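Asker: Sequence:
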Amino acid sequence: MNCISPPALDDTQLISYVDGEADNDVTAHIIACPFCSERARQLTVWQNGLRSQLYRSNCPSSIELGDYHLGLLPAPQVLVMAQHIRECPHCRREVAELEEFLTEPDAQPDLLETVKVLFARLVGSGATPALGALRGESKGPLIFEAEGVVITLDVQPGPKGQVSILGQVAADDQDQWTGAKVELKQAESPQLTASLDDLGAFRFGAVRPGSIQFTVTSLSGVVIQSPDIEITA
1 MNCISPPALD DTQLISYVDG EADNDVTAHI IACPFCSERA RQLTVWQNGL RSQLYRSNCP
61 SSIELGDYHL GLLPAPQVLV MAQHIRECPH CRREVAELEE FLTEPDAQPD LLETVKVLFA
121 RLVGSGATPA LGALRGESKG PLIFEAEGVV ITLDVQPGPK GQVSILGQVA ADDQDQWTGA
181 KVELKQAESP QLTASLDDLG AFRFGAVRPG SIQFTVTSLS GVVIQSPDIE ITA
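The numbering of the sequence shown is my numbering, which starts it at 1 and goes up by one.
Source of the hints: derived by calculation from the structure; they are not laboratory data. Quick caveat: nothing in here was measured; it's all calculated off a predicted structure. Be careful, since some hints might not be right.
Unchecked claim - Okay, the calculated beta carbon distance ranges per label pair: (1) Q162 - L219: 28 to 36 Å; (2) D197 - Q77: 17 to 25 Å; (3) S189 - F35: 26 to 34 Å; (4) G161 - E64: 21 to 29 Å; (5) T193 - C3: 24 to 32 Å; (6) A206 - P76: 53 to 61 Å; (7) D175 - A82: 28 to 36 Å; (8) V78 - E230: 40 to 48 Å; (9) F119 - S5: 39 to 47 Å; (10) S5 - E99: 34 to 42 Å; (11) A8 - P159: 56 to 64 Å; (12) A75 - T193: 44 to 52 Å; (13) T193 - N2: 44 to 52 Å.
Claimed, not checked - Taking lysine to aspartate or glutamate pairs in the DMTMM-like style, the calculated list, with each CA pair at most 20 Å apart, reads: (14) K185 - E230; (15) K160 - D198; (16) K185 - D228; (17) K160 - D25; (18) K160 - D197; (19) K160 - E230; (20) K160 - D23; (21) K181 - D228.
Idealized CB from N, CA, C, for every residue including glycine.
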(Lines of atoms letter the chains of each structure in order from A; the text may use other names.)
(Lines give C-alpha, C1' and ligand atoms only; values in the text may rest on other atoms or scores of the structure.)
Protein backbone atom coordinates (compact mmCIF):
# COMPACT_ATOMS: atom_id res chain seq x y z
CA MET A 1 0.00 0.00 0.00
CA ASN A 2 1.31 3.45 -0.93
CA CYS A 3 0.28 7.02 -0.25
CA ILE A 4 -2.45 8.19 -2.62
CA SER A 5 -0.72 11.56 -3.07
CA PRO A 6 3.07 11.24 -2.66
CA PRO A 7 5.11 12.24 -0.84
CA ALA A 8 3.56 10.61 2.20
CA LEU A 9 3.12 12.66 5.36
CA ASP A 10 6.23 12.83 7.51
CA ASP A 11 6.43 11.93 11.20
CA THR A 12 6.02 15.54 12.34
CA GLN A 13 2.74 15.88 10.43
CA LEU A 14 1.47 12.54 11.77
CA ILE A 15 2.32 13.52 15.33
CA SER A 16 0.52 16.83 14.92
CA TYR A 17 -2.57 14.89 13.78
CA VAL A 18 -2.41 12.43 16.70
CA ASP A 19 -2.02 15.36 19.13
CA GLY A 20 -5.01 17.17 17.59
CA GLU A 21 -2.88 20.02 16.22
CA ALA A 22 -2.84 19.21 12.49
CA ASP A 23 -4.03 21.75 9.94
CA ASN A 24 -6.99 21.08 7.66
CA ASP A 25 -4.84 19.83 4.77
CA VAL A 26 -3.11 17.17 6.88
CA THR A 27 -6.41 16.07 8.44
CA ALA A 28 -8.12 15.81 5.05
CA HIS A 29 -5.21 13.82 3.63
CA ILE A 30 -5.26 11.29 6.49
CA ILE A 31 -9.03 10.83 6.14
CA ALA A 32 -8.67 10.12 2.42
CA CYS A 33 -5.41 8.13 2.40
CA PRO A 34 -5.51 4.56 3.84
CA PHE A 35 -1.68 4.41 3.95
CA CYS A 36 -1.21 7.56 6.03
CA SER A 37 -4.30 6.77 8.10
CA GLU A 38 -2.80 3.41 9.09
CA ARG A 39 0.51 5.06 10.00
CA ALA A 40 -1.39 7.55 12.19
CA ARG A 41 -3.28 4.68 13.83
CA GLN A 42 -0.05 2.82 14.63
CA LEU A 43 1.47 5.97 16.10
CA THR A 44 -1.62 6.53 18.23
CA VAL A 45 -1.49 2.95 19.55
CA TRP A 46 2.18 3.36 20.46
CA GLN A 47 1.59 6.72 22.13
CA ASN A 48 -1.43 5.46 24.09
CA GLY A 49 0.49 2.37 25.20
CA LEU A 50 3.32 4.52 26.54
CA ARG A 51 0.88 6.85 28.29
CA SER A 52 -0.98 3.90 29.84
CA GLN A 53 2.25 2.37 31.14
CA LEU A 54 3.27 5.63 32.79
CA TYR A 55 -0.15 6.27 34.35
CA ARG A 56 0.03 5.50 38.10
CA SER A 57 3.37 3.77 37.55
CA ASN A 58 4.47 4.70 41.08
CA CYS A 59 1.23 3.63 42.77
CA PRO A 60 0.95 0.45 44.86
CA SER A 61 -1.27 -2.35 43.58
CA SER A 62 -4.89 -2.76 44.66
CA ILE A 63 -3.85 -5.79 46.72
CA GLU A 64 -1.21 -3.73 48.57
CA LEU A 65 -3.77 -0.99 49.24
CA GLY A 66 -6.15 -3.63 50.58
CA ASP A 67 -3.46 -5.07 52.86
CA TYR A 68 -2.74 -1.54 54.11
CA HIS A 69 -6.39 -0.93 54.92
CA LEU A 70 -6.67 -4.29 56.71
CA GLY A 71 -3.50 -3.66 58.74
CA LEU A 72 -1.54 -6.54 57.20
CA LEU A 73 1.58 -4.61 56.17
CA PRO A 74 4.79 -4.42 58.26
CA ALA A 75 5.27 -1.16 60.16
CA PRO A 76 7.98 0.37 57.89
CA GLN A 77 5.84 -0.24 54.80
CA VAL A 78 2.79 1.25 56.52
CA LEU A 79 4.57 4.60 56.95
CA VAL A 80 5.60 4.71 53.28
CA MET A 81 2.10 3.68 52.15
CA ALA A 82 0.38 6.23 54.37
CA GLN A 83 2.50 9.05 52.98
CA HIS A 84 1.79 7.98 49.40
CA ILE A 85 -1.97 7.81 50.04
CA ARG A 86 -1.96 11.29 51.55
CA GLU A 87 -0.32 12.65 48.40
CA CYS A 88 -2.13 10.55 45.75
CA PRO A 89 -5.83 11.28 45.12
CA HIS A 90 -6.27 8.08 43.07
CA CYS A 91 -5.04 5.76 45.85
CA ARG A 92 -6.89 7.80 48.48
CA ARG A 93 -10.13 7.32 46.54
CA GLU A 94 -9.47 3.59 46.08
CA VAL A 95 -8.91 3.07 49.82
CA ALA A 96 -12.05 5.08 50.60
CA GLU A 97 -14.11 2.94 48.21
CA LEU A 98 -12.73 -0.24 49.76
CA GLU A 99 -13.56 1.02 53.25
CA GLU A 100 -17.10 1.93 52.16
CA PHE A 101 -17.63 -1.49 50.63
CA LEU A 102 -16.37 -3.37 53.67
CA THR A 103 -18.61 -1.39 56.04
CA GLU A 104 -21.77 -2.32 54.12
CA PRO A 105 -23.91 -4.90 55.98
CA ASP A 106 -23.93 -7.36 53.09
CA ALA A 107 -20.20 -7.06 52.25
CA GLN A 108 -18.58 -10.42 51.60
CA PRO A 109 -15.08 -11.34 52.83
CA ASP A 110 -14.05 -12.82 49.47
CA LEU A 111 -14.07 -9.40 47.80
CA LEU A 112 -11.90 -10.27 44.82
CA GLU A 113 -14.06 -13.28 43.96
CA THR A 114 -17.38 -11.45 44.16
CA VAL A 115 -16.45 -8.47 42.00
CA LYS A 116 -17.38 -9.24 38.39
CA VAL A 117 -18.43 -5.84 37.03
CA LEU A 118 -16.05 -2.88 37.32
CA PHE A 119 -17.16 0.68 36.63
CA ALA A 120 -14.57 2.79 34.82
CA ARG A 121 -13.99 6.37 35.93
CA LEU A 122 -12.66 9.20 33.85
CA VAL A 123 -9.29 10.22 35.32
CA GLY A 124 -7.66 12.19 32.51
CA SER A 125 -8.52 14.72 29.75
CA GLY A 126 -10.49 17.92 29.68
CA ALA A 127 -13.82 16.29 28.82
CA THR A 128 -16.37 15.10 31.36
CA PRO A 129 -18.66 12.06 30.86
CA ALA A 130 -22.21 12.98 29.84
CA LEU A 131 -21.26 16.67 29.92
CA GLY A 132 -18.05 17.29 28.01
CA ALA A 133 -17.50 16.47 24.37
CA LEU A 134 -14.82 14.15 23.04
CA ARG A 135 -13.74 15.81 19.81
CA GLY A 136 -11.43 14.74 17.02
CA GLU A 137 -9.41 17.89 17.61
CA SER A 138 -9.21 17.47 21.41
CA LYS A 139 -5.82 17.55 23.11
CA GLY A 140 -4.98 14.00 24.10
CA PRO A 141 -7.21 11.00 24.74
CA LEU A 142 -9.70 10.28 27.47
CA ILE A 143 -8.20 8.06 30.15
CA PHE A 144 -10.40 5.76 32.22
CA GLU A 145 -9.37 3.59 35.16
CA ALA A 146 -11.06 0.62 36.84
CA GLU A 147 -9.25 -1.38 39.53
CA GLY A 148 -5.83 -0.80 37.99
CA VAL A 149 -6.97 -1.34 34.38
CA VAL A 150 -6.35 1.76 32.25
CA ILE A 151 -8.38 2.41 29.11
CA THR A 152 -7.53 5.22 26.70
CA LEU A 153 -9.83 6.47 23.95
CA ASP A 154 -8.88 8.65 20.99
CA VAL A 155 -11.50 10.04 18.60
CA GLN A 156 -10.40 10.80 15.05
CA PRO A 157 -12.47 12.60 12.38
CA GLY A 158 -13.97 10.50 9.63
CA PRO A 159 -15.97 11.04 6.45
CA LYS A 160 -19.58 12.22 6.31
CA GLY A 161 -19.47 13.77 9.77
CA GLN A 162 -18.68 10.49 11.49
CA VAL A 163 -15.71 9.61 13.69
CA SER A 164 -13.52 6.60 14.36
CA ILE A 165 -12.62 5.61 17.92
CA LEU A 166 -9.24 4.09 18.68
CA GLY A 167 -8.87 2.55 22.13
CA GLN A 168 -6.32 0.69 24.18
CA VAL A 169 -6.49 -1.36 27.38
CA ALA A 170 -3.44 -1.68 29.64
CA ALA A 171 -3.19 -3.73 32.84
CA ASP A 172 -0.60 -5.50 34.97
CA ASP A 173 -2.17 -8.82 33.94
CA GLN A 174 -2.32 -7.85 30.27
CA ASP A 175 -2.66 -11.46 29.07
CA GLN A 176 -6.07 -11.68 30.78
CA TRP A 177 -7.38 -8.97 28.44
CA THR A 178 -5.93 -10.19 25.14
CA GLY A 179 -8.89 -11.25 22.98
CA ALA A 180 -11.40 -9.48 25.26
CA LYS A 181 -14.66 -8.38 23.63
CA VAL A 182 -15.36 -4.65 23.38
CA GLU A 183 -18.94 -3.50 22.76
CA LEU A 184 -19.97 0.04 21.85
CA LYS A 185 -23.59 0.93 22.45
CA GLN A 186 -25.40 3.94 21.03
CA ALA A 187 -29.12 4.69 20.99
CA GLU A 188 -30.87 3.98 17.69
CA SER A 189 -27.73 2.42 16.19
CA PRO A 190 -26.63 -1.21 15.88
CA GLN A 191 -24.26 -2.33 18.61
CA LEU A 192 -20.63 -2.41 17.45
CA THR A 193 -18.19 -5.08 18.60
CA ALA A 194 -14.43 -5.49 18.43
CA SER A 195 -11.77 -7.51 20.21
CA LEU A 196 -8.47 -6.54 21.81
CA ASP A 197 -5.34 -7.47 19.91
CA ASP A 198 -2.11 -8.59 21.60
CA LEU A 199 -1.22 -4.93 22.26
CA GLY A 200 -4.57 -4.28 23.93
CA ALA A 201 -5.77 -2.07 21.06
CA PHE A 202 -9.21 -1.90 19.45
CA ARG A 203 -10.92 0.32 16.90
CA PHE A 204 -14.45 1.33 15.91
CA GLY A 205 -14.99 3.07 12.57
CA ALA A 206 -17.93 5.08 11.26
CA VAL A 207 -19.40 6.06 14.65
CA ARG A 208 -21.98 8.81 14.49
CA PRO A 209 -21.75 11.69 16.99
CA GLY A 210 -23.83 11.37 20.14
CA SER A 211 -23.87 9.58 23.47
CA ILE A 212 -22.00 6.27 23.62
CA GLN A 213 -21.14 3.68 26.23
CA PHE A 214 -18.62 0.88 25.96
CA THR A 215 -18.00 -2.35 27.86
CA VAL A 216 -14.92 -4.56 27.87
CA THR A 217 -15.38 -8.23 28.80
CA SER A 218 -12.29 -10.34 29.49
CA LEU A 219 -12.09 -14.03 28.66
CA SER A 220 -12.31 -14.74 32.40
CA GLY A 221 -15.65 -12.93 32.63
CA VAL A 222 -14.58 -9.63 34.25
CA VAL A 223 -16.60 -6.75 32.78
CA ILE A 224 -15.54 -3.10 32.69
CA GLN A 225 -18.36 -0.65 32.00
CA SER A 226 -17.83 2.98 31.02
CA PRO A 227 -19.98 5.98 31.92
CA ASP A 228 -21.96 7.71 29.18
CA ILE A 229 -19.68 9.70 26.89
CA GLU A 230 -20.84 12.45 24.54
CA ILE A 231 -18.84 12.63 21.29
CA THR A 232 -19.04 15.22 18.54
CA ALA A 233 -17.57 15.28 15.05
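Asker: Per the hint of 24 to 32 Å, is the separation of the Cβ atoms of T193 and C3 within bounds?
Answerer: 31 Å, holds
Asker: Is the hinted pair K160 and D198 satisfied, with a Cα-Cα distance of at most 20 Å?
Answerer: It is violated: about 31 Å lies between the C-alpha atoms, which goes past 20 Å.
Asker: Is 26 to 34 Å respected by the C-beta to C-beta distance linking S189 and F35?
Answerer: 29 Å, holds
Asker: Mind checking the alpha carbons of K181 and D228 for me, to see if they're no more than 20 Å apart?
Answerer: Cα-Cα ~19 Å, so holds.
Asker: Do the beta carbons of D197 and Q77 sit within 17 to 25 Å of each other?
Answerer: Violated: the Cβ-Cβ distance is about 37 Å, outside 17 to 25 Å.
Asker: Holds or violated: the 44 to 52 Å window for the beta-carbon distance between T193 and N2?
Answerer: The hint (44 to 52 Å, Cβ to Cβ) is violated, given that T193 and N2 are roughly 31 Å apart.
Asker: With a cut-off of 20 Å on the C-alpha distance, tell me whether K160 and D197 pass.
Answerer: Status violated; Cα separation ~28 Å.
Asker: For A8 and P159, compare the CB-CB distance with the range 56 to 64 Å and indicate the outcome.
Answerer: Given range 56 to 64 Å: violated, Cβ gap about 20 Å.
Asker: Per the hint of 21 to 29 Å, is the separation of the Cβ atoms of G161 and E64 within bounds?
Answerer: 47 Å, violated
Asker: Does the beta carbon distance between A75 and T193 stay inside 44 to 52 Å, or does it fall outside?
Answerer: About 50 Å separates the Cβ atoms of A75 and T193, which means 44 to 52 Å holds.
Asker: Does the beta carbon distance between D175 and A82 stay inside 28 to 36 Å, or does it fall outside?
Answerer: 33 Å, holds
Asker: Does 53 to 61 Å hold as the CB distance between A206 and P76, or does it fail?
Answerer: 55 Å, holds
Of the hints listed earlier, those the structure fails to meet are numbers 2, 4, 10, 11, 13, 15, 18, in rising order.
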